[in-house]
Amino acid sequence: MAIEVKEFLPITQRHEELGLSDETVLQMYYHLLLSRRLDERCWVLQRQGRVPFHISGIAHEGIGVGAAYALRKGFDIVHPYYRDLALAIALGMKPVEFMLALYGKKGDPHSAARQMPSHFSLRYLNIISGSSPVATQVPQAAGIALAEVLKQKLRPQLEAAGFRVSREMRVVLTSMGEGSTSEGDFHEALNWAGIYKLPFVVLVHNNQYAISVPVWKQMAVKRVADRAAAYGIHGAVCDGGNVLEVYQVVKEAVGRARAGEGTTLIEAVTYRWTPHSSDDDDRTYRTREEVEQGKLRDPLPRLRDYLYRRSLLTQRLEDELEERVRAEVDEAQRLAEEAPYPAPEEALAPVFATEDRSGWWGE
Amino acid sequence: MPEKTLIEAIREAIDEEMARDPRVFVVGEDVGPRGGVFRATTGLWQKYGEWRVIDSPLAELSIVAIGIGAALNGFRPICEIQFADFIHPAFNQIVNEAARFFYRSGGVYNVPMVIRSPYGGGISGGLYHSQSVEAFFAHVPGLKVVIPSNPYDAKGLLKAAIRDPNPVLFFEPKKGYRLIKGEVPDGDYIVPIGPAKVTREGSDLTVFAYGMMHYYALQAAEMVAKEGIDVEVVDLRTLAPVDKETILNSVKKTGKALIVYEDNLTLGYGAEVAAILAEEGFEYLDGPVMRLGGPDVPGVPFSPPMQDFFMPNPQKIAEAIRRLARY
Ligand SMILES: Cc1ncc(C[n+]2csc(CCOP(=O)(O)OP(=O)(O)O)c2C)c(N)n1
Ligand SMILES: [Mg+2]
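Taken in sequence, the protein lines are chains H and F.
Residue numbers for the first sequence follow my numbering, so the first one is 259 and each next one is one higher.
Residue numbers for the second sequence follow my numbering, so the first one is 153 and each next one is one higher.
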């Protein structure tokens, strides 16, 4: 069951029919490429012993980029997980912001160099800080979404007290792996989502494995999305290697959420062909043949193929983009290497807040 | 000043804060039309409506997680966990999440929320309606842990907790809900989170306590006063962050310390107070630092004689005071 794809699957959607301009779909390609090359560089740096750890978003970029473009950037709120490098990049994270975290250097905007890398957190992009215990973000994201409902319900009181409530609800998108859906947090979150018709998108990256445990030891149902029925929410499946399909499905879910029609559980199917993290050896639990076959899902060549077929990409433009991306990654690496470490005593603070800065108010 | 019970003071604090700030809302099991199983939210659903007094599904981890999310998005949730015994499913969300958000985001995301929960034994609650859970949480940097012992403090501290930009655990001694009465001003006032309070001045020894045990400690102090033992009583009130100064100053004066708590003795909150005194108050001490707590068994038994055997009470505290005074 792990591999359902036997051959290269061309993208069949047409971007203009999804409301995407030529420019936008090329921009999606650029974000996909930037995430991939940045990620590959992180692996190299880890293998060279220059950074302690990397957990990769390779094979997940189609999901992240597709989802990011379906959101209203800077308005909607995301509570992602560690495979969401491409989501963060497509929302506007700069490569250096990732590299500083990778090196644990001063200036890491995600966690001030406290957390392991890939724990994305950028207030200015509405990316909420996540932790390592899986699925904890899901009920929290439901709470963020519930607050959006409360704002609309309590608008008169809130505005009378000086809190500006946006005309429309912000949609909250959270993501996790298929293994993480076994946690109770996932269940409780979806239960709330159904009861309160939350403006919420729950995006499950089904990469077939939770470290070494395959999906069929994780659940008896065939599709993660089947579970939606049990919570009275919408369910949808998409091909995570097809960025346009992800975009389409997430866009529909976001539209429903904003319109007050509730939550969608989306399963985006992919295959992780890298080890779980730089500490994992995936040869202990799967064959190389399977891994090679999994690469057929790779979102990058599939979008590239599409763009060539649609005459939006030429060899020359592709080379230019590769060159531009390489320069950006080089520069990010250089800046991170040159950045100082935090002073050791910076470990002591801040434990408690002295002022409140919570909340998204206004437009 | 009007006299009110502990539970009335708590309800009044919630009501006044909800009136004062439309971001404040209550979420928990049976908090709505029923007004909570202990009636801490009586009348609030009727007054503020279903969007500010939310009857949650029966699911503790998400009562807390929903609160975290709502707090991140600008609200001031008061999450009620019906009994402290049922807070354990939410342990991960409290300890890994609420407590660590601010630190792990480098000071970017603060979580202004309150988790209220009745705790403690002596009410025929058996193993699962009697627990004291404060030590688990007082251990965790990033959490504030508050336990009031009287209605005045309960109202003022709960208001402070609701306005605090950090997660605050507010544990209420449920045996005292209707038993403990005291003068509570109408209207707004704050008791700051942090300072402990000397509630009875004395010179022979200090009893440190909180919650129901503080109520009993005052009674015990009166009992032994007739025997000529002059006891100082300190209400710790805020367990985290701990008020070392008040603890040390009191023992500097009295030279002896007894810590009383109804949690299991070993590694309970008293261990920390004892450690503070051993480390920083060694030269003040004229006797061993003593603890009186519940026995190290997995719960408070239901059967009345066994329950009484488990629970510290004024007589047991008085006996411990006599032993320490003789030293
Ligand atoms: C609560 C918890 N248990 C165990 C782990 C260790 N762990 C980290 S990732 C992982 C597998 C997650 O698999 P999945 O949810 O499918 O996400 P993927 O890594 O495949 O994207 C495990 C077991 C953890 N981080 N948190
Ligand atoms: Mg997985």
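Everything labelled a hint here was simulated from the structure, so no lab data went into it.
Please note that a few of the clues may not be correct.
Label-pair restraints from in silico Cβ distances [as the list claims (entries may be wrong)]:
hint: 1; chain 1: H; residue 1: Gly513; chain 2: F; residue 2: Lys333; range: 33 to 39 Å
hint: 2; chain 1: H; residue 1: Leu606; chain 2: F; residue 2: Asp340; range: 57 to 63 Å
hint: 3; chain 1: F; residue 1: Leu210; chain 2: H; residue 2: Val479; range: 43 to 49 Å
Calculated Cβ distances over 12 Å to all of chain F for the following chain H residues [what the hints assert, rightly or not]:
hint: 4; residue: Gly307
hint: 5; residue: Gly332
hint: 6; residue: Leu448
hint: 7; residue: Leu456
hint: 8; residue: Ala494
hint: 9; residue: Lys509
hint: 10; residue: His534
hint: 11; residue: Arg562
hint: 12; residue: Glu621
From the three backbone atoms N, C-alpha and C, an ideal C-beta is built for every residue, glycine too.
Hint check results:
1. Gly513(H) - Lys333(F): 33 to 39 Å: violated (56 Å)
2. Leu606(H) - Asp340(F): 57 to 63 Å: Given about 35 Å between the Cβ atoms, the range is violated.
3. Leu210(F) - Val479(H): 43 to 49 Å: violated (24 Å)
4. Gly307: holds (26 Å)
5. Gly332: Non-interface label on Gly332(H) holds, nearest chain F Cβ at 15 Å vs cutoff 12 Å.
6. Leu448: Contrary to the label, Leu448(H) does not stay out of reach of chain F, its closest Cβ about 10 Å off (not over 12 Å).
7. Leu456: The claim is violated: Leu456(H) sits with its nearest Cβ about 10 Å from chain F, within 12 Å.
8. Ala494: holds (23 Å)
9. Lys509: holds (23 Å)
10. His534: Its Cβ never comes within 12 Å of chain F, the nearest being 21 Å, so this holds.
11. Arg562: The claim stands: Arg562(H) keeps its Cβ more than 12 Å from every Cβ of chain F (closest is about 36 Å).
12. Glu621: holds (14 Å)
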